[in-house]
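Residue numbers (my numbering), protein chains in the order written: chain A, 1 to 788; chain B, 1001 to 1788.
It is worth saying that the hints were derived from the structure and are not from the lab. There may be inaccurate statements among the hints.
[Unchecked claim] Distance ranges between label pairs, derived from CB positions:
{"id": "1", "chain 1": "A", "residue 1": "Phe102", "chain 2": "B", "residue 2": "Arg1272", "range": "52 to 62 Å"}
{"id": "2", "chain 1": "A", "residue 1": "Gly20", "chain 2": "B", "residue 2": "Asp1472", "range": "47 to 57 Å"}
{"id": "3", "chain 1": "A", "residue 1": "Asn567", "chain 2": "B", "residue 2": "Tyr1544", "range": "31 to 41 Å"}
{"id": "4", "chain 1": "B", "residue 1": "Arg1522", "chain 2": "A", "residue 2": "Leu548", "range": "56 to 66 Å"}
{"id": "5", "chain 1": "A", "residue 1": "Leu548", "chain 2": "B", "residue 2": "Ser1521", "range": "16 to 26 Å"}
{"id": "6", "chain 1": "A", "residue 1": "Leu577", "chain 2": "B", "residue 2": "Asp1472", "range": "22 to 32 Å"}
{"id": "7", "chain 1": "B", "residue 1": "Arg1522", "chain 2": "A", "residue 2": "Asn567", "range": "18 to 28 Å"}
{"id": "8", "chain 1": "B", "residue 1": "Thr1015", "chain 2": "A", "residue 2": "Val214", "range": "46 to 56 Å"}
{"id": "9", "chain 1": "B", "residue 1": "Arg1522", "chain 2": "A", "residue 2": "Ala775", "range": "38 to 48 Å"}
{"id": "10", "chain 1": "A", "residue 1": "Asn474", "chain 2": "B", "residue 2": "Asp1472", "range": "52 to 62 Å"}
{"id": "11", "chain 1": "A", "residue 1": "Asn567", "chain 2": "B", "residue 2": "Phe1200", "range": "53 to 63 Å"}
Don't be surprised by glycine CBs; every beta carbon is placed ideally from N, CA and C.
2 protein chains.
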Amino acid sequence: MNPPYEVDPWHIRETELDLGRLAQTESVFALSNGHIGVRGNLDEGEPSGLPGSYLNSLYEQRPLPYAEAGYGYPESGETVINVTNGKIIRLLVDDEPLDVRFGDLESHERVLDMRAGTLERTMRWRSPAGARIRLCSTRIVSLTQRAIMAIKYEVEPLDEEVQFVVQSELVANEPLPGPRRPDPRVAAVLDAPLASEEHFANDDRVLLVHQTRVSGLRMAAAMSHEIESPNKRLVDSEAQEDVGRVTVATRLKPGEKLSIVKYVAYGWSSHRSRSALHDQVAAALAGAELTGWDGFVEEQAAYLRDFWEGVDVEVDGDPEVQQAVRFALFHILQAGARAERRMIPAKGLTGPGYDGHTFWDTETFVLPVLTYSVPDAAADALRWRHSTIPQALDRAAQLNLPGTCFPWRTISGRECSGYWPAGTAAFHINADIAEAVGRYIDATQDEEFAREIGVELLVHTARLWRGIGHHDLNGAFRIHGVTGPDEYSAVADNNVYTNLMAQANLREAADVALAMPEEASRLGVTAEEAASWRDAADKMLVPYDERLGVHPQSAGFTDHAPWDFLNTPPRNYPLLLHYPYFDLYRKQVIKQADLVLAMQLCGNAFTAEQKERNFSYYEALTVRDSSLSAQTQAVMAAEVGYLELAHDYLAETALMDLRDLAHDTANGLHLASLAGAWNALVSGFGGLRRDHGALCFAPRLPETLGRLSFRLRYRGSLLCVTVHPRQATYSLRGGPPLRIIHHGEEHLLEKADITLPIPRAQPTLPPPHQPPGRAPRRHHEPEQDQAR
Amino acid sequence: MNPPYEVDPWHIRETELDLGRLAQTESVFALSNGHIGVRGNLDEGEPSGLPGSYLNSLYEQRPLPYAEAGYGYPESGETVINVTNGKIIRLLVDDEPLDVRFGDLESHERVLDMRAGTLERTMRWRSPAGARIRLCSTRIVSLTQRAIMAIKYEVEPLDEEVQFVVQSELVANEPLPGPRRPDPRVAAVLDAPLASEEHFANDDRVLLVHQTRVSGLRMAAAMSHEIESPNKRLVDSEAQEDVGRVTVATRLKPGEKLSIVKYVAYGWSSHRSRSALHDQVAAALAGAELTGWDGFVEEQAAYLRDFWEGVDVEVDGDPEVQQAVRFALFHILQAGARAERRMIPAKGLTGPGYDGHTFWDTETFVLPVLTYSVPDAAADALRWRHSTIPQALDRAAQLNLPGTCFPWRTISGRECSGYWPAGTAAFHINADIAEAVGRYIDATQDEEFAREIGVELLVHTARLWRGIGHHDLNGAFRIHGVTGPDEYSAVADNNVYTNLMAQANLREAADVALAMPEEASRLGVTAEEAASWRDAADKMLVPYDERLGVHPQSAGFTDHAPWDFLNTPPRNYPLLLHYPYFDLYRKQVIKQADLVLAMQLCGNAFTAEQKERNFSYYEALTVRDSSLSAQTQAVMAAEVGYLELAHDYLAETALMDLRDLAHDTANGLHLASLAGAWNALVSGFGGLRRDHGALCFAPRLPETLGRLSFRLRYRGSLLCVTVHPRQATYSLRGGPPLRIIHHGEEHLLEKADITLPIPRAQPTLPPPHQPPGRAPRRHHEPEQDQAR
């Protein structure tokens, strides 16, 4: 497999249209502002891999069926729906519809410009009847005006006079292709989820209002157009229940150009009336027309200048990774920057995968990036979690537990997981949320957030842990029957990751109760309760296998039979599609970093020697059937000193979608894996860890990467860290002085840069190995790709 | 709750009709011969609790839905269907339909006669218009002619001349009431599962042929009638697709009687043609007519004389238990005696509960009774299991395991469990089958069975255990990630019951491979393989908690938090309807005997002191939300010396259905619980255990029960054991001399009876206690029933 996109630091450029990979490219070229998301479908609607337009948190409910019912099973699920498609602009060229499958596509280019925030498409096409045209369309989903998508669409004849008819549409309830095989990762396809409430057309404007049938959410979409043509033109519009259309017809000679700017405004609400929504999108359109196309282009570029200023990462020595990390940051921005107290789904708004749900990965992998670059966006994501506390309290009560049980997967805040051993039992999500809260407060010292949002989240999650665990006769605090991050194990006792994260959660809650006694007492926290959290944290059991000198992932794990990797053919990966859970759960085989993630997030609980031994032990068992895993392995490989291996894992996580490594980018991007590119660089080679009250770094760079530079916002300062293989330089680009820790030594960073030497990594064990065939792909040795 | 039935040693008699308890009585009054089963519905069809007519193994398939799909999940389930109802005889009295809900029911009696094998109903009814009549119907499901049900139906006027119209029917696709609430124990109701293939009526005969829509099984039902009336009568017949009807009209004066004998013949096949099935039931009808009503009555009584001769159990001092144990044995006979290489479902053919599936309970609880009383029936049940080896091999291959994986629940032999942690993971069913094979061979020395059936079942199940387990670094053999009998725990490591049963299975297979080398080598068994079974058995890990001095049910069980019984209100039982599996699995709470069952079936693995300590420990945790549990607790309570407690558990298991203790007798009888009455008496107070080559007894009887006498068939002998509180007498009633072991001492029982003293039971621990509110109900203190 050759890289499908040109390697370029600031652009993702495609110069050939591969119809077989259309769905994957639609995800890569998706535009979003966290409120609206549109896949990179071709303007004319067909051919398409998977049409997709999404509004954050607009979902339909569907029943969750069970072969055998059980108490507490969620009765209904939620699925993101494909909303009214405003992207469609069809074109007739002398009465021949533009369709790239017919005629000759003489040239094709799509460019995602990560500084401009635009998707530009240019093509030359010769119709079956021989007319040659040039088309150029540019799409913006505005980061400054959240309700607006704008498209500039230009066509011109190349050889002789041509009659153009352009049909610009809004289409609701588009038919969607079904999944090719039953795969839980593919969203349930819901037929025609939108019931029409209003349709309206006038001049160059159309407006459609719909409501979802079961969840009862109302949405409106409207479009208006600015049309420029040198010659006479006819403009007409019409609307029916599920389609609105503005038609423009004109004749042009070579050198003449038809230019249409289409503004599409979206709005949705669970409460507002039809007329209120109608007016809302009409007003947004008026604002868009006032701004105008050039205004949108400028606003977008300015917004992105600010963004890159605070977050850009530079990597020398690996241009593909350089491109990929910017691609990653761009999509994280798109998903999170303006989500504004809505959730950030696992796929952003780039596709229907995982039903559009959000999981723990947002808090654990995506929010670190946002916390240190766009902290307000991290706060908003946590405000969304906070807004779902009522559902999480109800769920906990249903499960006979105190505090909150945040859902394993959800859109609205209700639990939507239909398989409890890998869903509800993964209680660690509660500690992951608490960790994200603590990280945000530490990074921003945002007292208002801490009081309004943080205390409640920390207290309720701590209560859960106190209630879910118990003391044994020796006084140790145990947490039994839960599932850690590794989904090839489930429902085990004393999962090290869960216990350590719960420990941190309990301590953080006890600390905040002390720091904010008024808020805590409003939640009914007494000194006794806070003391019981500290006690549980202090007595937390962390199993350790003395015989092997490693931590078992959960109690008893190291006594399980090892997976028979030698007799597992490559075609049997991912294992979950070829082996029963029964077999996976009872053996030593790991889907994704679990104990190894505990070593990253709770590093103080492990000695350096334990980290090295554990890393090697788990490396040999981890198959990375989850796209979440590579980044954590990159981080810990860097920490224990396997820098080349860390580089390989970095490349894997960074290129997950650009090279479609998990074979399901078609359903949407892997946002947490993209965030992993940043995590692998910043927490891996930069060695960033959070220790209370200071930023810790332990940078280490392989010789192949000559230089790494990244920026962090921390407590009002902007810090720039530049790492070379032998030394690192810390610079303050603004804000007050910062205490930083470099390889264990504390320094006060003021105006002057500080350059410090990097101690050599000296692993004491033989190099780790992975299960046969499951080593990370050396991205710089593409011939190895044939092995898959 | 007063006992709903008169206490009588050989009859179940109801003298009042309680419409609210109709469904429960229909189960109690069900008749079956293992091939045909008919619930005790009133002749006139209405009112009914739950209409039901069943043919063993005639099922419909239905899709099993999953909220989240998984590899190896069964895609379709099987559900027993309500077949063509041949019981219906409607009556018009002067144009008023007989319906007990209207008019006056002046007297009502139903009697199940356990020596005659009949259900007799007599009633006097006054129609709303004032006509008084007497009706008497007697129903037989023939134990000698498997295809036949016969009904003698007699009506007479009591005061004045009456016109009677009798409509005798065959009705397919009867509408069924839906379940009142989502409860997995209630069968899925399938609407109209039968598609008509043929219908035919002539004179007093009607024949209907149908086929199930998805599973494609064909069934035929036919009826003919013998009509006696002193006066002129009109007889007419008709047939449509789903109904056939013979109508008899006559006028009678007081003292005159209309008598109709209705013969109904059933047949079904997955292979035979419509005409073959048609002919088969027509021929069965001809045979029935030749036998005649009196012939059926005589054959039935003779068959039952033989049965009771070999199996009757007499208990002094508790007439209710005396009645209940005969009721139990009668229904076990009905379910198993003539199943003839079909399965024995958990509910027999008495109702649609559990979808008509068979589980492990048949081998573990029902087959001991049959093995020692009607051994051919036990052999047939195991021949049925043997016939499903192909499906079990396929299932094992699908699960990445060698040998066979017999299904947790099934009709056809395919796995139908839709929740793997409490289904497929309960691999112990394979050892339970092996145990039943070993028990049968030991009891009968049936060499032909051993060669044809036994070897294969033992070898394939042993292969499963060898493949599912693994050696750890210390050489111990472990079985991880499986579920034992207790369904409030799941997917745990080294479940003691499973490991010990697997150990016995492996040894039994190695022994049989040695004893029958030719058969074993035909299955590919080598000396190496057999040696690996012995090794695994010898090295089997049995966890033990040294600190508490008890065996944990599974590794780590005794470290779980105890269930909070004090805060569990009585209304929250059964717990599975009020708490999530998550919570049940991770705590010390037990649905049904698991470790305690291991102590019964693998008693040699425990010292007497361990048994006592374990019994007390688990007694305090066991809530008996399963009807399977009480009998095992009775057996082990007797062994460790708590004789009154054993008596209470005996009563609970014996009265499960007669007193509807589990509140779901409406959906069918609990066959394994009924078998438990025998197990509690014979293995409990009789102390029967199987030790290779001899029958072991350790009888012990509480003073309240003055005498217990039971019979066993063993290796061609009929043994009678009579137990008094201080001594036991062993008598040979036929066959060769027997070695028996009485409280550890061996004796050779020849013609002369042997009477031996019984040592006093001397428990060393304080009396055990049960979870609050979960003590067995003292059946002789009925006022305690109010507590529920």
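Hint by hint, here is what the structure shows:
Range check, phenylalanine 102 of chain A to arginine 1272 of chain B: about 58 Å between beta-carbon atoms, so the 52 to 62 Å window is met. The hinted window of 47 to 57 Å between glycine 20 of chain A and aspartate 1472 of chain B holds, with their beta carbons roughly 49 Å apart. Separation of asparagine 567 of chain A from tyrosine 1544 of chain B is about 34 Å and conforms to the stated range, judged on CB atoms against 31 to 41 Å. The beta-carbon spacing between arginine 1522 of chain B and leucine 548 of chain A, approximately 43 Å, falls outside the hinted interval of 56 to 66 Å.
In this structure, leucine 548 of chain A and serine 1521 of chain B break the distance hint of 16 to 26 Å, their C-beta atoms being roughly 41 Å apart. About 29 Å separates the C-beta atoms of leucine 577 of chain A and aspartate 1472 of chain B, a value consistent with the hinted range of 22 to 32 Å. A hinted range of 18 to 28 Å holds for the C-beta pair arginine 1522 of chain B and asparagine 567 of chain A, which are about 27 Å apart. In this structure the supplied range 46 to 56 Å holds for threonine 1015 of chain B paired with valine 214 of chain A, their Cβ-Cβ distance being about 53 Å.
Checking the proposed 38 to 48 Å range against arginine 1522 of chain B and alanine 775 of chain A shows it holds: the Cβ atoms sit about 45 Å from each other. At about 24 Å, the beta-carbon gap between asparagine 474 of chain A and aspartate 1472 of chain B misses the expected band of 52 to 62 Å. Against the hinted window of 53 to 63 Å, the Cβ-Cβ separation of asparagine 567 of chain A and phenylalanine 1200 of chain B comes to about 59 Å, which satisfies the hint.
Violated hints for the displayed structure, listed by number in ascending order: 4, 5 and 10.
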